[in-house]
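As they're listed, the protein sequences go chains A and B. In this text, residue positions in the first sequence follow the working numbering: the first is 1, and each later residue adds one. In this text, residue positions in the second sequence follow the working numbering: the first is 1001, and each later residue adds one.
Just so you know, the hints here were simulated from the structure itself, not pulled from any lab data. The beta carbon of each residue, even a glycine, is placed where N, CA and C say it ideally should be. Be aware that a few hints might be false.
[What the hints assert, rightly or not] Derived SDA-like pairs (lysine to any residue); straight-line CA-CA distance at most 20 angstroms: (1) 257(A) / 1691(B); (2) 24(A) / 5(A); (3) 257(A) / 1294(B); (4) 257(A) / 1760(B); (5) 257(A) / 1220(B); (6) 257(A) / 1656(B).
[Claimed, not checked] Each pair of labels, with its calculated beta carbon distance range: (7) 11(A) / 1517(B): 50 to 60 angstroms; (8) 1700(B) / 257(A): 18 to 28 angstroms; (9) 64(A) / 1656(B): 51 to 61 angstroms; (10) 205(A) / 1749(B): 43 to 53 angstroms; (11) 255(A) / 1148(B): 28 to 38 angstroms; (12) 245(A) / 1158(B): 31 to 41 angstroms; (13) 40(A) / 1097(B): 34 to 44 angstroms; (14) 1072(B) / 57(A): 49 to 59 angstroms; (15) 14(A) / 1639(B): 49 to 59 angstroms; (16) 1760(B) / 11(A): 47 to 57 angstroms.
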Amino acid sequence: MQYEAPTTVDQAVALLKNSGNASKVLAGGTDLLVQLRSGMIEPELIVDIKKIPEVRSILKEDGKFRVGAVVTGAELGEHGDLKAAWPGVVEAAELIGSTQIQGRASLGGNLCNASPAADAVPALVAAGAICMIAGPNGRRELPVGAICTGPGQTSLSPGEFVVSFLFPIPKPRSGDAYLRFIPRTEMDIAVVGVGIHITLDAENVCVDARVAVGAVAPTVLLVEESAAALVGTMVDDASIDKMIAAVRDSCDPIDDKRGTVVYRTQVAGVLAGRVCRIALQRTRRHE
Amino acid sequence: MAIVTKRVSDEREAEEQNFNWVGTRAVRPDGVDKVTGRAKFGADLHLPNMLVGKMLRSPHAHARILSIDISSAEKLPGVKAIVTREDFSDLASEFVPAGEMMVNYRDITRNVMAREKVLYEGHALAAVAAVNAIVAREALALIQVDYEVLPHVLDVVEAMKPEAVLIQEDLLTDGADPPADKPSNIAKRVEFGHGDIETGFAKADVIVEREFNTRPVHQGYIEPHACVASVSEDGQAELWCSTQGHYVVRGHCARILGMDVAKLRVTASEIGGGFGGKTVVYLEPVALALSRKACQPVKMVMTREEVFKASGPASGANMRVKIGATRDGRITAGEAILHYQAGAFQGSPVPPGAQCAFAPYDLEHVRAVGFDVLVNRPKVAAYRAPGAPISEYAVESVVDEVAKKLNIDPIEFRLKNASREGTKASHGPKFGPIGLVETLEAAQAHDHYQSPLQPGQGRGVASGYWFNIGGQSSVTLNTSEDGTVALVVGTPDIGGSRASLGMMVAEELGVELDKVRPMIGDTSSLGYNFLTGGSRTTFATGKVAVDAARDLVSQLRERAAKIWDVPVGDILWHNGEALQKNGRGGPTETLSFRDLAESMGKTGGPLVGQASENVQGAAPSFGTHVVDVDVDRETGRVEILRYTVVQDAGKAIHPSYVEGQYQGGAVQGIGWALNEEYIYDSEGRLENAGFLDYRMPVCSDVPMIDTVIVEVPNPAHPYGVKGVGETPIVPPLAAISNAVANALGIRFSELPMSPPRVLAAIAAASSSK
Ligand SMILES: Cc1cc2nc3c(=O)[nH]c(=O)nc-3n(C[C@H](O)[C@H](O)[C@H](O)COP(=O)(O)OP(=O)(O)OC[C@H]3O[C@@H](n4cnc5c(N)ncnc54)[C@H](O)[C@@H]3O)c2cc1C
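Here chain A stands alone, though its shape is the one from the complex:
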């Protein structure tokens, strides 16, 4: 097994391209090293992208946040402006693991590991974040929701990797939030996770909503029917109940050691209601 730590995006792409499927990108390594040690994967080449400045920085472009793919949970949590703009995304990233894991775990790794239960992904999808992807044919953009295609599977081509995430400028009366359910209080994998982003107009009418649910299907679901239940309403109890019902209808989970179909479906709705109320509260945070 070979280890390389390129310092530019181009070098990284060249290394990845030449080795095809036998290579793996190393970000924080909190998924990758566990998989290596347990013998789940045996790559010939490890490309550590942490030495590339672009993937480690948080920048503002025309008022929009661009967050490097390998910025860690701890760094996100300490970035006051980003936290104020996208509290739901940051709280999701900060839920990952523990203090030790937070020093390493990245948004890019959380997404590209392609676990249906990854905590940051529903929040990123709800936020409408866009991935900047670098590859042998140059750069391209893709919404976060288009990256994962199934458990452990991504739409990235050989040689491609995620460089950064671009967030839209949050509307004045918008708010996002994320909650997950785990049996313990930390160091656990989401049985269900829900991220919601809503935007109100001046009359408190919901003009936009994005409801994303994790761990209830092979990939994170963006539930259009739930969004539709909220848009045009004052986000009152009745419309929240409709939103919850749509979340439950969309769930297609599996029975496994982490939860049953019945339980996951039920709790997905419970969390959706709670998350929606937090997001609603946050629409008023700038007032």
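Given the structure of chain A, go ahead and fit chain B with the ligand onto it with the hints provided.
Only chain B with the ligand this time, still in chain A's reference frame:
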């Protein structure tokens, strides 16, 4: 954190004022090494030419081994030895004690290396020693095993059915009445009690009878099993391992390998937790067999997955408990029928489970019947108070329900029925000075029990009992020429015992604590020592250490008598100094320990204090726990809001380590009650063999556990010590279940009370309304 000292005699109280070390919170001697990473655990020894040993384990829950072909693995360059069943001789059925449970040599030899069949997923059936881990793993993949896969059974109720697949084809139930004539998976039937329960139930105004189910749980020690074995060409052998009892390991290994016991020297490494699970052997005989074949040292270390799949859980169980009481709150009769999983070999802790079930109660009519049942899971090992948390969970749940039915406060109800000094225990003996009533009274008076609950919250109470044991210990005190002392004991330190033993010795000798260096000797340095288990070390090794110190003091007095040329009867030992009664004769007023140590070469030679005893008089410890919970009605998640442990310690030598035992037991009980369980697929393969999905509590799951140490001294120990390490895991299961019942009005009779189970019960209760 409080200490309540009860019924302490006047004499003892007077002495108490003068303790220099006993009862203080001194710094532990092993602390610096542990926080700096210097401490050497099982996997930390490296020897020249050391090989890596790896185990081949069964992928099947139950299968006959048709053949094992090691020929291509043997040819792999770098492979130095391979062992299978061919390398271990068969042993006859013979039970020997291993901690508080019995083990059978016929079974151990089959558990360390499968013979006729593999009996659970993860059962060892071959091992390789190679120059490195990569070669060892490659060799394992080259071993060809032909299996005839058999049906398997995991559930204790299923395993008892007549049509169940037989795990041991020739097993006849021991103790069955009438005697068993057909083999079954029921290895044993035991019964304890007295009186006539039918008479008792006839007098009852209320009777509650319920069935309970609990799951196996793992001890969850943080350090996986690990050892290094080195056997020389002439048959002399060294073994380094993480164990609760290196003498016991020595005995088992010598027997399994057909060696002279004295040829094998075992050194206990530092131990990263055991909780009973490190009282048996898994890797050790195999590493020795590999080393004997390769004539090179061999290290073996389990992965966490191997720990879960192949080392001892505590039993899962199915139980029925029936209790009757009069309207005024007197229990008239109690009955418990207990079915415990033994794993693949007989020997579940159902006998102690049956003995402990009703121990907190003074009953005229009581009966507890236990069945030891084989299933295709790893053989159970001891886990803190083996068997007791399970049976007492069932009994304490029913006791709570009876109290509720009678509208009597649960502590009041227990006080009305509590065992006291002189009570004839349900398992036979008459209790000596026990502290159950004192723990109940302290719990009742505690601010926790008096504080109001918020709406929706619930409070639960339960008591618990464990016997504790004494047994063989041997201790040496080697005096150095500068008046410092090496305290050598043979019971591994799993809970701060080096600190407590050192404190008792410093107290006796009257010297500063840092002049006593406690350490664990290897098996050739001391007489026989039984293992650290049964909460015996501070009690039994502690008593022997005190006697060794007294032996040394009497020699010091003799030396002083010699120097001063006076009768030894005229010499007193006080605060680390010899002095003469009435101050007559001699050139000096006093002779310090240091003076006498410096001159020992001229006064008779080395000063060595020794004691070796089979210590009797272990006293049981009772505890009472109070817990508050909140339940998220929409997700079924139970939150522990507040937790208080009240327990009798006899005498807390080092209160912090007593409190640590109370807190640790409570936390392990919280895991057992709420989330821990083994999840198997339909083939009998474990799906959650890791800490991610086998959910022990993490720090943020539990509040600070409050403790109250009650001290009702044990007359059989010089300072009054009772064992404290096991009782704390007994009450939590029922206490939490009772608290959940109080919060929700729903009684659970199945553990764990995991969120899906709780939510389903809430849904069922609301739909039936
Ligand atoms: C103890 C522990 C607790 C955990 N708790 C949680 C939790 O609570 N919630 C949760 O969601 N996860 C949890 N995880 C999983 C893990 O920490 C997260 O998924 C984390 O975000 C992964 O980030 P990383 O930077 O460490 O990724 P890595 O391990 O470096 O990479 C993960 C995968 O993504 C690929 N990859 C990484 N970066 C890129 C990129 N920029 N472009 C393309 N491919 C890339 C890698 O090749 C690899 O396949 C936990 C892990 C551990 C060990």
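Status of each hint after checking the structure:
1. With a C-alpha separation of about 13 angstroms, the suggested pair residue 257(A) and residue 1691(B) falls inside the 20 angstroms cut-off, and the hint holds.
2. About 12 angstroms separates the Cα atoms of residue 24(A) and residue 5(A), which keeps this hinted pair within 20 angstroms; it holds.
3. Proximity of residue 257(A) to residue 1294(B) is assessed by CA-CA distance (about 42 angstroms); at most 20 angstroms being required, the pair is judged violated.
4. Among the hinted pairs, residue 257(A) with residue 1760(B) is consistent with the structure: their alpha-carbon atoms are about 16 angstroms apart, no more than 20 angstroms.
5. A C-alpha spacing of about 19 angstroms is found between residue 257(A) and residue 1220(B), which places the hinted pair at or below 20 angstroms, so the restraint holds.
6. A distance of roughly 38 angstroms separates the Cα atoms of residue 257(A) and residue 1656(B); the hinted pair therefore is violated under the 20 angstroms criterion.
7. As the Cβ distance of residue 11(A) to residue 1517(B) is approximately 57 angstroms, the hint placing it in 50 to 60 angstroms holds.
8. Range check, residue 1700(B) to residue 257(A): Cβ separation about 22 angstroms, and the 18 to 28 angstroms hint holds.
9. As the Cβ distance of residue 64(A) to residue 1656(B) is approximately 55 angstroms, the hint placing it in 51 to 61 angstroms holds.
10. Residue 205(A) and residue 1749(B) have their C-beta atoms about 51 angstroms apart, which keeps the hinted 43 to 53 angstroms range intact.
11. With their beta carbons about 31 angstroms apart, residue 255(A) and residue 1148(B) fall inside the hinted range of 28 to 38 angstroms.
12. Under the hint 31 to 41 angstroms, the C-beta atoms of residue 245(A) and residue 1158(B), about 40 angstroms apart, fit the expected range.
13. At roughly 42 angstroms, the beta-carbon separation of residue 40(A) and residue 1097(B) lies within the given 34 to 44 angstroms, and the hint holds.
14. Between residue 1072(B) and residue 57(A), the C-beta spacing of about 54 angstroms keeps the proposed range 49 to 59 angstroms intact.
15. Between residue 14(A) and residue 1639(B) the C-beta distance comes to about 52 angstroms, which sits within the given range of 49 to 59 angstroms.
16. For the pair residue 1760(B) and residue 11(A), the supplied restraint of 47 to 57 angstroms holds, since their beta-carbon distance comes to about 54 angstroms.
Checked against the numbered hints given earlier, the structure breaks hints 3, 6 and satisfies all the rest.
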